[in-house]
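*Asks:* Chain residues, written in single-letter form:
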Amino acid sequence: MIPAGGDPRAPAASPAPALADEIPMAPVPPRPRGNPRDRALWLFVLPSALVVVAVQLYPVAYAVYLSFFDQYLGSQDADFVGLGNYAALLGQQRVWSALRVTLILTVSSIAVEFALGLLLALGLYKLTRGARVFSTLIFVPYLITPVVAALFLRWIFAARWGLADSLIAAAGVFPPDWLGSPVWAFVTLVVADVWQFTPFIMLILYAGLQGMDPSLVEAGRIDGASGPRLVWHVILPALRAQIFFVLAIRLMDAFRTFDSIYVLTGGGPGTATETMTMYTYTLAFRQLEVGRASAMGVLTMLVVTGLTLMIVSLVYRRDRGAF
Amino acid sequence: MDVLVRNAAGRVGRRKRLLAAAAGGALAALVAVPQAGAQTTVRFVGERYPALEFYAEKLRTAMPDVNVTVDLMPNAQLKELQTITLSSGADTIDIFLGNDLTIANFAANGWLEPLDPYIEKYREEFDLDDFASTAMASASYEGKVYGLPVLTNTQLFAYRQDLFEEKGIEPPTTFEEYEAAAAAFHSPAVAGTVMTLKGDGVLNEAHYYLNAIGDGWFDADKRPVFNSENGVRAIETMKAMTAYAPRGYTANGNDESTILFQQGAAAMGMQWLTRTAAMDREDQSRVVGKMMWAPPPGGGQVVVADSFAISKFSSRDKDLLFRLLATTLSADNQREGAKLAVPTRVSVLQDPELQQRFRYYGVLVPSLEAGANFPKFPEFKEVSEVVTRRIMQAVTGEMPVKEALDTAAAEAEEFLTRRGVYK
Amino acid sequence: MRPGTLAQPVLLVLLTAFAVFSLTPIVWAVMISVKDPIDAFAIPPKLIFEPNFRYHYEIWFERRFLEFFANSAAIAAGTVLISVPIGTLAGYALSRIRTPAGRSFLMGLLVVRMFPHVLLVIPFFVMARAVEMIDTYPAMIAAMVALNQPFTVWLMRSFFLEIPRELDEAATIDGCNAWQVFARVVLPLARPGIVVTSLFSLLLAYNEFLFALVLTGTETKTLPVAIAEYGGEDLNYWSLSAAGAIGIMLPILAFMLFFQRHLVRGLTIGAVKG
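Chains as they are written, first to last, in my numbering: chain A, 2 to 324; chain B, 164 to 586; chain C, 35 to 308.
Since the hints were made in silico from the structure, they are not lab data. Keep in mind that the hints are not guaranteed to be accurate.
Claimed, not checked - Selected chain B positions facing chain C (Cβ under 10 Å, derived; list incomplete):
| hint | residue |
| --- | --- |
| 1 | Asp234 |
| 2 | Thr248 |
| 3 | Asp418 |
| 4 | Glu445 |
| 5 | Gln447 |
As the list claims (entries may be wrong) - What the simulated footprint calls covered on chain B by chain A, stretch by stretch (three residues with Cβ under 8 Å from a Cβ of chain A suffice, anywhere in the stretch; the number is not a length):
| hint | segment |
| --- | --- |
| 6 | 240 to 247 |
| 7 | 399 to 413 |
| 8 | 422 to 432 |
Unchecked claim - With beta-carbon atoms standing in for the labels, derived distance ranges:
| hint | chain 1 | residue 1 | chain 2 | residue 2 | range |
| --- | --- | --- | --- | --- | --- |
| 9 | A | Ala112 | B | Thr203 | 56 to 66 Å |
| 10 | C | Arg132 | A | Leu51 | 20 to 30 Å |
| 11 | C | Ala51 | A | Gly307 | 32 to 42 Å |
As the structure is a computational prediction, the values presented were derived from the model and not from experiment. All C-beta atoms in this analysis are idealised placements derived from N, C-alpha and C, irrespective of residue type, glycine included.
Produce the complete structure using the sequences and hints provided.
*Replies:* What follows is the structure, given as structure tokens:
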């Protein structure tokens with residue numbers, strides 16, 4: 002799938018050919034820091050960096066710039082208000098409530114997803130036969146186009162005619178108010194997120210396990226580690242990069258979750274499940290207050306950055322700066 | 164369904180052409196937008212519902228030398244697309260669908276082409292005086308006309324005629340009777356009354372209570388009156404009515420309420436007129452022929468019109484666009500479309516043959532007369548978002564009614580002050 | 035959970051249970067897509083019925099979904115073909131560069147990704163219009179490549195980190211330049227990572243909604259936008275949505291099944307080291 006070797010940008014510093022098969026397996030001396038090869042490596046980063054800068058920089062910078070203006074989409078002129086939008090937002094109880102809702106939903110969803118995703122990945126790794134079938138079956142919810150995934154869940158959780166609701170009612174038990182009671186609405190939204198995104202965590206961790214050096218596990222076993230200890234001391238450290246990746250990505254995406262909440266509860270009952278993104282959307286597209294909406298976006302970005310740094314320090318507790 | 168079939172038939176040729184283009188390779192599609200001869204291409208975006216699918220098809224075929232591309236989508240996405248396109252002055256949309264609220268808002272922002280000169284010019288040719296004045300008012304803002312009304316929509320009081328007859332109860336005409344009837348029919352299997360409170364639903368439902376019992380939303384100076392003594396009573400009544408609403412009513416939108424009616428799980432409640440036809444559809448409904456409609460008890464329910472409008476930023480000949488819209492909304496087309504929505508031409512509205520044919524026609528005129536429009540100022544839609552949020556908190560008991568409405572009033576005044584409404 | 039004592043049947047039961055949880059909403063949606071609304075939303079649910087495929091037929095043959103599928107496929111393929119190669123290059127480099135500058139760049143990528151999309155979409159639209167690229171494939175592909183770069187780079191980097199640097203160093207001593215080390219030594223070992231990354235890149239571009247709504251138009255409209263157009267108002271639209279969602283999923287499922295063998299154990303480091 003990757004055009005291996007076909008790239009004309011190859012920085013041909015040394016023409017001497019060497020084949021992969023000929024790699025000597027003898028131990029090599031540690032490479033000194035600041036190797037000039039780093040400079041060649043930065044060339045590898047260039048195409049990616051160019052695309053991101055060319056396409057993304059302006060929109061993000063523009064949104065940050067807008068956050069300092071009292072800009073209404075309907076009029077051409079905008080007043081510079083400095084940090085006025087931020088001050089106004091931080092003074093709104095609605096923003097704090099949205100932050101609380103977002104944090105609760107994000108943290109509980111990710112905790113459940115990570116635990117389940119890791120267990121599933123380990124289970125698939127240990128499974129001697131059928132791992133391919135199971136990984137595919139369990140992955141299916143992640144394939145559903147997000148605009149409809151929430152509708153699928155609505156058909157499960159809708160009161161009266163939803164599948165879960167009516168099956169429970171048919172069993173003679175009074176079903177909970179999945180979307181209508183504040184507590185159950187939270188539970189339903191977490192279940193919705195878990196349903197759709199556990200497969201993502203599972204597949205990345207599973208791929209990580211596939212790439213892991215099996216001799217590590219062997220070595221751990223020989224040292225007497227087993228079961229949870231083996232997972233904790235050998236497997237988790239080996240998967241650190243993947244773990245950080247899935248947690249960071251899920252954190253960002255969970256903060257952004259919009260469709261499923263919009264379709265399932267619409268932020269309700271009342272405003273019990275209104276998240277920061279929903280409020281940003283309301284500000285931007287219902288009230289056309291793009292200045293304030295942008296400020297809300299910057300605030301979201303700051304919160305997520307803080308949380309991401311927290312994950313860095315959690316995952317890389319033992320050797321800081323190593324991520 | 165026949166609308167859909169016709170739609171499909173009209174598209175076959177076009178589909179083949181596009182498929183051929185796609186087969187020709189992505190590269191070809193990247194370079195050139197296929198365009199047929201000297202035809203003008205016009206882009207229309209609107210909301211997707213059966214009546215509009217019908218009119219969109221009429222729009223596509225209205226003029227042989229005008230090729231209309233149609234994109235229909237749900238309301239929320241339509242608003243996003245319109246807002247992004249129009250606020251950046253883009254000419255990627257030529258004509259679109261608006262309602263009372265968006266027309267006022269977009270017109271105030273200077274995004275719409277005023278139609279008065281064209282109406283003057285083509286008054287005779289298209290018999291434009293035939294449009295009902297109430298519908299034209301919905302498409303106007305500050306004395307100028309910005310749209311041609313496609314259809315009028317309102318909520319009717321829907322009820323199960325069979326159940327009412329069984330119990331010997333008359334359809335209610337007051338809120339006391341409404342509440343009593345809802346209580347009489349309410350059971351775990353059948354809800355006393357549907358309540359549609361998800362998203363924009365709460366705006367419509369509260370509009371009804373505030374106009375029937377309260378003093379409306381805002382006074383002539385755009386100061387809040389929804390928290391008046393009567394307003395508090397209105398929302399208290401709304402809150403009391405939730406006792407007979409189906410479980411999970413706060414998460415019910417129009418689709419859910421429609422299903423509850425169709426599956427025989429609700430006895431009565433407010434229903435959009437454009438949804439009444441679905442009650443009698445064999446592929447959707449278990450209550451075919453069992454539903455009946457009455458003017459809402461107390462009146463004051465929402466009345467809106469959806470209109471075709473022309474973008475100020477369109478680079479097409481606007482005279483042509485206007486003729487295109489006027490042709491689409493001919494009396495003949497409206498007569499055909501009456502099976503899906505209330506027409507806007509008086510000559511069609513009063514057609515005795517149609518009054519015979521459609522069951523909703525009987526209650527239509529009294530309902531429209533008793534209904535109430537949304538307040539006509541461009542910021543209403545935006546400020547209503549602030550207010551309805553508090554109304555939901557009041558109705559669900561998160562906050563006492565009086566306190567919620569007073570808070571909403573303060574927030575609304577703050578919002579409107581910042582927007583420069585009070586000079 | 036001692037090694038060896040955890041019986042395979044227990045594993046099978048647990049995985050089956052989770053698979054049931056995962057698949058129930060989808061099976062239910064498939065059932066809705068082959069019923070008329072009167073039965074699809076019946077109380078209590080109807081589990082036995084005569085399926086009819088008119089909604090599936092309708093979307094593909096009467097509502098131009100084939101055309102939208104071609105658009106989706108073109109945009110997704112274009113995105114993967116650009117995004118994964120450049121992301122793989124950058125991911126490799128950043129897994130080997132261990133300086134503060136490298137780390138800052140990685141963090142910078144993430145920060146760019148944290149901004150809510152609802153706010154980025156307006157400037158994106160303005161930019162695309164300025165270069166007159168609204169309703170073209172390149173505009174959408176450019177947006178998707180850029181939006182997915184942080185994801186692609188980070189994911190590929192996490193796989194490259196598992197490949198011991200000693201391999202690079204050995205190859206360098208052997209006289210390979212940076213490109214040769216990458217292309218001949220490291221890249222072949224990163225195959226499972228590339229498959230996974232391609233799959234996710236493909237999914238992100240294929241399923242993107244908000245940017246597609248704004249940047250595409252009549253000529254380039256994608257499936258998610260087309261499906262979202264049937265969000266409600268008429269309950270038959272829900273049946274169409276269900277049919278559309280099932281239909282749009284199947285090609286990806288096929289793609290996954292096809293490439294799954296690349297995920298299988300044994301291709302990787304162990305083989306080389308051993």
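*Asks:* Determine for every hint whether it applies to the structure shown.
*Replies:* Results for each hint:
| no. | hint | verdict |
| --- | --- | --- |
| 1 | Asp234 | 7 Å, holds |
| 2 | Thr248 | 8 Å, holds |
| 3 | Asp418 | 5 Å, holds |
| 4 | Glu445 | 7 Å, holds |
| 5 | Gln447 | 4 Å, holds |
| 6 | 240 to 247 | holds (count 3) |
| 7 | 399 to 413 | holds (count 5) |
| 8 | 422 to 432 | holds (count 4) |
| 9 | Ala112/A x Thr203/B: 56 to 66 Å | 57 Å, holds |
| 10 | Arg132/C x Leu51/A: 20 to 30 Å | 23 Å, holds |
| 11 | Ala51/C x Gly307/A: 32 to 42 Å | 37 Å, holds |
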